[in-house]
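Construct the entire structure; sequences and hints are all you get.
If you read the sequences in order, they're chains S and P. Mapping of the first sequence onto our numbering: position 23 corresponds to residue 27, and the numbering continues sequentially without gaps. Mapping of the second sequence onto our numbering: position 116 corresponds to residue 118, and the numbering continues sequentially without gaps.
Everything labelled a hint here was simulated from the structure, so no lab data went into it. Just so it is clear, CB atoms sit at the ideal spot from N, CA and C, and this is done for glycine as well. Do not take every clue at face value.
[What the hints assert, rightly or not] If you anchor each label on the Cβ, the simulated ranges turn out as follows:
1. S:A28 / P:G43: 37 to 47 angstroms
2. P:P98 / S:F292: 37 to 47 angstroms
3. S:L300 / P:Q187: 50 to 60 angstroms
4. S:I354 / P:H141: 51 to 61 angstroms
5. S:Y11 / P:T209: 33 to 43 angstroms
6. P:S162 / S:A291: 51 to 61 angstroms
7. S:A296 / P:S162: 48 to 58 angstroms
8. P:P98 / S:A28: 17 to 27 angstroms
9. S:L303 / P:G43: 56 to 66 angstroms
10. P:P98 / S:D380: 43 to 53 angstroms
11. P:S133 / S:N411: 30 to 40 angstroms
12. S:L300 / P:F13: 32 to 42 angstroms
[Said to hold, decoys possible] DMTMM-like, lysine to aspartate or glutamate: derived pairs with alpha carbons at most 20 angstroms apart:
13. P:K129 / P:E76
14. S:K180 / S:E215
15. P:K16 / S:D414
16. S:K327 / P:D77
17. S:K327 / P:E67
18. P:K25 / P:D70
19. S:K159 / S:D143
20. P:K78 / P:E67
21. S:K180 / S:D191
22. S:K327 / P:E76
23. S:K99 / S:E215
24. P:K129 / P:E191
Listed here are the chains, written in short residue letters.
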Amino acid sequence: MNKKMNYVTFIMAGIRNKPGRNLATVFCFAFIAANIFSGQFLLSGAVGGVERGISRMGADHIVVPVQYLITTGYTGGASTGAIVSVNPSVFRVNKSIMDITGNISGVAETSPQLYILTLELPELSSSPVSIFGIDPDSDFTIQPWLQQPLNAPLKRGEVIIGKDIDREVLSSISVKNHTYTVAGRLDSTQSAADTTIYMGMDDAYVLAAAEGVVSRTVSPILPGDISAVFVRDSPGENPDTVGSRLRKAFSSSDSAGKIAVINRHFTLTPVSHDIQDIPALLLIISAFVILAALPLIALIAAMVAHERQREIGLLKAMGAQRKVVFFLVIAESLVLAATGGIAGVSVSLIAFSLANMQGLLNSALQVSFRMPAPADIGQMAGLALFAVIAIGSVSSLWPAYRSSTMNPYDAIRLNRG
Amino acid sequence: MIQVSGVTKAFSSKNSEVLAVDKAYMEVKKGEFVLILGRSGSGKSTLLGMLAGLIHPSSGSIRFEGVDLSGLPEDKIAALRAEKIGFVFQFSGLIPTITALENVLLPTLFYHDGPGNRSRAAELLKKVGMSEREDAYPHTLSSGEMKRVAIARALINNPSLLIADEPTSDLDADTEYEIMELFGQLNREGMTIVMVTHNPDLISYATRTYGMTRGKLVKNTASFSDKEEDMGKPKIIGP
Chain S
5 MNKKMNYVTF
15 IMAGIRNKPG
25 RNLATVFCFA
35 FIAANIFSGQ
45 FLLSGAVGGV
55 ERGISRMGAD
65 HIVVPVQYLI
75 TTGYTGGAST
85 GAIVSVNPSV
95 FRVNKSIMDI
105 TGNISGVAET
115 SPQLYILTLE
125 LPELSSSPVS
135 IFGIDPDSDF
145 TIQPWLQQPL
155 NAPLKRGEVI
165 IGKDIDREVL
175 SSISVKNHTY
185 TVAGRLDSTQ
195 SAADTTIYMG
205 MDDAYVLAAA
215 EGVVSRTVSP
225 ILPGDISAVF
235 VRDSPGENPD
245 TVGSRLRKAF
255 SSSDSAGKIA
265 VINRHFTLTP
275 VSHDIQDIPA
285 LLLIISAFVI
295 LAALPLIALI
305 AAMVAHERQR
315 EIGLLKAMGA
325 QRKVVFFLVI
335 AESLVLAATG
345 GIAGVSVSLI
355 AFSLANMQGL
365 LNSALQVSFR
375 MPAPADIGQM
385 AGLALFAVIA
395 IGSVSSLWPA
405 YRSSTMNPYD
415 AIRLNRG
Chain P
3 MIQVSGVTKA
13 FSSKNSEVLA
23 VDKAYMEVKK
33 GEFVLILGRS
43 GSGKSTLLGM
53 LAGLIHPSSG
63 SIRFEGVDLS
73 GLPEDKIAAL
83 RAEKIGFVFQ
93 FSGLIPTITA
103 LENVLLPTLF
113 YHDGPGNRSR
123 AAELLKKVGM
133 SEREDAYPHT
143 LSSGEMKRVA
153 IARALINNPS
163 LLIADEPTSD
173 LDADTEYEIM
183 ELFGQLNREG
193 MTIVMVTHNP
203 DLISYATRTY
213 GMTRGKLVKN
223 TASFSDKEED
233 MGKPKIIGP
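Written as C-alpha cells, this is what we have:
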C-alpha cells in the first residue's frame with residue numbers, strides 16, 4: 005500500500021503497467037551496457053596482464069650466441085617466452101661476455117641463463133619440460149614472477165618451477181636421478197616458462213655433466229657456459245641507444261660475429277597481437293549494438309508516449325506544465341536505462357569474475373588476464389552506465405517533446421478509454 | 003469569476019470549417035452552479051475546454067478572475083489550472099496504474115505539494131464516500147466509484163472553480179442522483195461549478211442555465227427548444 009505520491013511513484017507505476025515490454029527494454033539497455041563494459045573490462049584486463057608481464061620481465065636486451073637467431077627463428081622482436089626463458093638453443097657462450105655487457109654505459113644489471121635440456125616428464129607436465137640454470141643473485145627475469153617471494157635465496161638443491169609443473173612448493177622433483185626441492189612457483193607467464201624448471205648455475209652444471217643429459221651430437225656444457233645474458237638498462241636510458249652500444253662493444257671484441265644483441269620489442273608477439281585486435285573488434289561490436297539499439301529504443305519510447313497520450317493529456321489538464329511532462333517521459337526512459345545498465349554491468353562483472361577464477365579468460369584471450377583495479381572497474385561501470393543513460397535520454401527526446409507539446413484536449417478526447 | 007465575450011471556435015475539417023462554438027457570451031459568478039444543456043456535438047464540451055484553457059478560442063476572449071486567458075502562455079494557463087480549476091471529465095479520467103488515493107493526490111504534483119496533502123486526500127475521499135476504497139486501483143471500481151474519485155481529485159487543490167463535462171452521462175439513475183447531490187452539496191459549501199449535460203432533469207441543481215445548440219449558447223434555457231432534427235449538429239460554414 006503506497007500512501008505517497010510523488011514523481012517517482014508515478015514513474016514507477018507507469019513502468020509496472022507494462023512489465024513485459026519494459027523488461028524487454030531493460031534487457032536491451034542491459035545488453036548495451038554489458039557490451040560496453042565487457043569491451044573495456046576485457047581490454048583493461050588483457051593490457052594489465054601484458055603490462056605486468058613487461059614490468060616483470062624487466063630486461064631491455066638479450067645477448068645471445070648469433071646462432072640463436074637462426075635456431076629460434078628470430079625475426080626482429082623478442083617474444084615473451086624468449087625474454088623470460090630464452091627459447092631453447094644449444095648454442096652457448098662463455099660468461100666472460102658479461103664483463104663486456106656490464107661495462108657498457110647505460111647498463112644497470114646483467115644476469116645469465118643457461119639452457120640445459122628439454123625432456124618428457126609426464127609425472128610433472130603433459131608438455132615437455134625445459135631445465136634452465138639461472139644466477140639467483142643477479143636474476144631479475146624469473147624471480148619477479150614468483151607467486152610468493154622465496155623465504156631465502158635459492159640454494160643448491162632447490163628449484164623454481166613454472167605454473168604448469170605439477171608440484172607444490174616444498175615438494176620434491178626428480179630429474180635424471182637428481183632430486184630437488186621446489187622452493188618457489190611462478191605465476192602464469194603464458195610462455196614456455198610455465199613448463200620450465202629453474203635451478204642455480206652450480207646445480208645446472210652438475211646436472212649438465214650427468215650421463216645422457218646433453219646430447220652427444222652437441223658440444224658438452226662446461227662450467228662457465230651460458231646461453232644468454234639478460235641486460236637491464238638504467239632508468240631513463242634509450243634502449244635503442246644502449247643496444248647500439250652493446251653491438252658496437254661486441255663487434256670490436258674477440259666475440260665479433262659470434263654475439264647478437266636483441267632489443268626488447270614492445271610489440272610483443274604473439275601476446276600483443278591478440279590484444280591489438282581487441283579494441284578495434286570491440287569498437288565495431290559496440291558501435292553496431294548502439295546503432296541497432298538506438299532506433300529500437302526510440303521506437304519503444306515513441307510507442308509508450310503514444311499509448312499514454314490520454315494519460316499525458318489528463319496530466320496537462322490537471323495543470324502539468326510542459327517541462328513536467330517532458331521530464332516524466334525522459335525520466336521513465338532513464339529509469340529503464342539505469343536499471344538495464346546496472347543489471348548489464350553487474351551480470352558482466354559476476355560472469356567475468358567467475359570465468360577468471362576458472363582461468364577461462366586467460367585461455368580465451370590467450371593472454372595472462374589481470375582483474376582491473378576496483379577503481380578502474382568503477383570507472384568502466386560508470387562509463388557504461390553513462391552511455392546507456394545517454395542513449396535512453398537521446399532516444400526519448402523526441403517522444404518527450406511531442407508529449408510535452410501535445411494539445412491536452414485533443415489527447416483526452418481522441419483517446420477516451 | 004468568468005466572462006466569456008464573443009468566443010468562437012472553428013475547427014478545420016478537409017474542405018470545410020466546423021464552427022463548434024459561435025460567438026458565445028456567458029458570465030459565471032462566484033458561488034454559482036451553471037448548467038449548460040445541449041446534445042452531443044452541440045459544442046458544449048468545446049466551450050468547457052476553452053473555459054479551462056485547454057482550447058484556444060478562434061476569436062473572442064475568456065477572462066478568468068479578471069485575467070484574459072488568451073493572453074497567457076501555455077505554462078501560465080497550466081499553472082492557473084493546477085491552482086484554481088478542478089476538472090471532472092465525462093469519462094473517469096483516472097490513471098489506471100495508481101490507487102484511488104494516489105489519483106486524488108496526483109494534481110498536488112503540480113501545485114500545493116506538501117505534507118497536508120495526504121490527509122486532505124483522505125478527507126475528500128471520505129466526503130465522496132470512497133474512504134473504504136482509497137487503496138483500490140481504478141479497474142476494481144465501478145463507474146460511479148471512479149467518478150467519485152475523479153471528483154475528489156478535482157477538489158484536492160481547493161480550486162475556486164469546478165468544471166464538469168457530462169459527469170453523469172454513463173451512470174445509472176441512482177448513481178447519477180448521488181453524484182448530483184454531491185455537486186449540490188459542494189455548491190452549497192461555496193464551490194463555483196460549471197457543468198455541461200444533455201439531461202434536462204438536472205436543471206433543478208443549477209442556479210443558472212444555458213442551452214447550447216449548433217454552437218450557439220443561449221441564456222436561461224430550461225429545456226431544449228430547438229427542433230429535434232437540429233439537435234447537436236454543428237454548424238458547417240464555407241466554403
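Here's how the hints hold up against the structure:
no. : hint                                : verdict
1   : S:A28 / P:G43: 37 to 47 angstroms   : 42 angstroms, holds
2   : P:P98 / S:F292: 37 to 47 angstroms  : 38 angstroms, holds
3   : S:L300 / P:Q187: 50 to 60 angstroms : 53 angstroms, holds
4   : S:I354 / P:H141: 51 to 61 angstroms : 39 angstroms, violated
5   : S:Y11 / P:T209: 33 to 43 angstroms  : 39 angstroms, holds
6   : P:S162 / S:A291: 51 to 61 angstroms : 57 angstroms, holds
7   : S:A296 / P:S162: 48 to 58 angstroms : 53 angstroms, holds
8   : P:P98 / S:A28: 17 to 27 angstroms   : 21 angstroms, holds
9   : S:L303 / P:G43: 56 to 66 angstroms  : 36 angstroms, violated
10  : P:P98 / S:D380: 43 to 53 angstroms  : 46 angstroms, holds
11  : P:S133 / S:N411: 30 to 40 angstroms : 36 angstroms, holds
12  : S:L300 / P:F13: 32 to 42 angstroms  : 37 angstroms, holds
13  : P:K129 / P:E76                      : 33 angstroms, violated
14  : S:K180 / S:E215                     : 9 angstroms, holds
15  : P:K16 / S:D414                      : 17 angstroms, holds
16  : S:K327 / P:D77                      : 9 angstroms, holds
17  : S:K327 / P:E67                      : 26 angstroms, violated
18  : P:K25 / P:D70                       : 17 angstroms, holds
19  : S:K159 / S:D143                     : 13 angstroms, holds
20  : P:K78 / P:E67                       : 14 angstroms, holds
21  : S:K180 / S:D191                     : 26 angstroms, violated
22  : S:K327 / P:E76                      : 11 angstroms, holds
23  : S:K99 / S:E215                      : 24 angstroms, violated
24  : P:K129 / P:E191                     : 12 angstroms, holds
In terms of the numbered hints stated before, the structure departs from hints 4, 9, 13, 17, 21, 23, listed from lowest to highest.
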